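**Q** Required output: the full structure, derived from the provided sequences and hints.
2 protein chains.
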Amino acid sequence: MRVFIPGVDGYLGWSLALYLAARGHEVAGADAGFRRRWVEEMGSDSATPILPIEERLLVFKETFDGELRFWDGDLCDWDLVEEIFTEFRPEAVVHLGECPSAPYSMIDREHTTFVQRNNVMNTLNIIFAMRDFAPDAQLVKLGTMGEYGTPNIDIPEGFFEVEYRGRKDRLPFPRQAGSWYHWSKVHGSNNIMFACKLYGLRATDVMQGVVFGTRIDEMGDDERLLTRLDFDEAFGTAINRFSCQAVIGDPLTPFGKGHQRRGFLPLRDSMQCLTLAVDNPPEASEYRVFNQFEETYDVTELARKVQKVSGDLGMDVEVINVENPRLELEEHYYTPDHQNLLDLGYQPTHDVEAEMKVMLEDLLRYKDRIEAHKDALLPQMRWDGRHEKVHYLK
Amino acid sequence: MRVFIPGVDGYLGWSLALYLAARGHEVAGADAGFRRRWVEEMGSDSATPILPIEERLLVFKETFDGELRFWDGDLCDWDLVEEIFTEFRPEAVVHLGECPSAPYSMIDREHTTFVQRNNVMNTLNIIFAMRDFAPDAQLVKLGTMGEYGTPNIDIPEGFFEVEYRGRKDRLPFPRQAGSWYHWSKVHGSNNIMFACKLYGLRATDVMQGVVFGTRIDEMGDDERLLTRLDFDEAFGTAINRFSCQAVIGDPLTPFGKGHQRRGFLPLRDSMQCLTLAVDNPPEASEYRVFNQFEETYDVTELARKVQKVSGDLGMDVEVINVENPRLELEEHYYTPDHQNLLDLGYQPTHDVEAEMKVMLEDLLRYKDRIEAHKDALLPQMRWDGRHEKVHYLK
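In order, the protein sequences belong to chains B and U. The working numbering applies: residue 1 is where the first sequence begins, and numbers increase by one. The working numbering applies: residue 1 is where the second sequence begins, and numbers increase by one.
Each hint can be trusted.
One copy or two, either will do: identical chains are not told apart, so a pair holds if it fits within one copy or between any two.
Below, a list of computed lysine-lysine pairs in the DSBU-like style, where the Cα atoms sit at most 35 angstroms apart:
#1 K168 with K197
#2 K394 with K197
#3 K257 with K197
#4 K305 with K197
#5 K61 with K357
These are computed hints drawn from the structure, not numbers from a lab. What you are looking at is a predicted structure, and each value in this text was computed from that prediction instead of being measured.
**A** Written out as structure tokens, the structure is:
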């Protein structure tokens, strides 16, 4: 199948290109290099060494004996989107080309408006390109479990049957996002739901949990195939950041009380799930939602697991909570459904500690790279608008 | 109170400036003249003759013995927004500065992206200006009843208590908008709801029904004070368009089966309600939603009323349904709450036919202006993307 990946130079994008190519799909991608610049702006760098995109493309060709067609540019630029769709004629689009960071969107007005404009506009361009040039293709759109927030009731997959004042309807489940970034994803989900109804497009909206891990099997022993792994406050996520902290001997730092519960999944599970979506497209006009995660975990529970696995590897690290830079519940009900992908055949890895061990061993090789940007680890972007490093709570 | 009105040159904006000034408020406004250009783009013009904004400002000064401070510009321009907020220091902002047209947003990709970008971005600018320069001010934001769509259950005012799998929560009511424009309003509502929680802002989100009518008492006999009245397919709304059709002897044209039910309210009721919101601000951090309409009506029922009142005035007009350019249910359940404004003292006009009579008498004076642009009356922008005049169904 011809699969087009906006954001192919990113954490998930690069991994997915390898994963799909290894399974015989014809992959194309686009990227403006935003992610590299954003992480640099945060004073950080990928823990894993990654090649410039031009060299990545050469290694891809050498590895898979087939080309990864690539467009260097911004999908907010309609002319570029039109060129890609008319030349490549994708049968599936896996849209990983949005700015994925809550803290980045909270820095200041300029960053908020950039993230919302970028994410809403490039998704609209993709919608219109599909309508005009690939009406039978499917869109797999990366959303986030964060769109739902933490309601006090179960979270279904996108829609729920509701009874209200004696009448019933099936309605979109209310979204209560917790950052400007997360709301940009809600705006995108709403636009795509409408596009399916309006233009007969077919879309899978992936409410993904927090991804962790340095690798998938397709990277093998070739360091040049590694994907990026960020640990700065904006682009690093919980387990990845804990692991980088462990490797340099810094305390692992859950936010606030540390009992936020979220869905998590290893990078390899994310690839498996996105590919299941691609391989099992929805019907025309169908808009379906997958809650994509392996299991829910309490953040402190995960920090303890990283601590334990680090200990097994001879590292002695503490867990010390820090002030919470975010505005969020730190103890709450959280019971999201996640049946749709299991029904399609998703086989969860389920061994979080084994996955952590692989990551920690990888990261130990790049300890110096993390040391070099260790200042980026502790957050300073606070949801109330202040820029001030969080303090340890002890 | 110092009230700032983005979109002060528009149908509601100009009326509200007069209404508030007559009640002793200090009014300022901004406008980029977009609405005048959009209507021209649709090949039409206001049925009522309206003065250029510079002359409107002189008449305002002469009438109210006080100045309407005015900024000519686009609120997507942050520097302008910052200048306005620091110089005027508003105590209330009534945001009427968005593109208000569903059909306009459906013309093509360029119009869709323009409407969503314009509406989302200028609202974000206003949010940040309030946070930084007017944190105690209140925002009254014009949304639309169209954000809710037509669910098969009652529509509460913004939030509902829901029981799901044995647990309860109070959640935002799901939105199911029916055009790219309506979704832009949902995006804005979501952003404002979050801003109240995040920055402690206070906001009233007005889910307004369809407004009709040519005047409010404050315009008196001074033609120079009249507000605009559009009848083209994009900026004219149901009763206003039926009335313009009646005046030139054209058939009144409900869409499809014509049993769409919507909330409607006269222009004078809209002014009364917006002013009630301004005069009764919410608490800090409070985000409240008002469903703002007088009563719900079936569209064909309204066409029949316009036909009857036209008959009383000696005009003989038919009602003939046309193809529906939209994708919408033409017969459906529709029971929205509208108690919040009544609780604040809203006294509905309730005499729709009397209001229609006033409007028809006004419009008869401007029959030639409507005749001159009568081609703009029948829609050609279809929700499926085609541009083709709708046909009569008979």
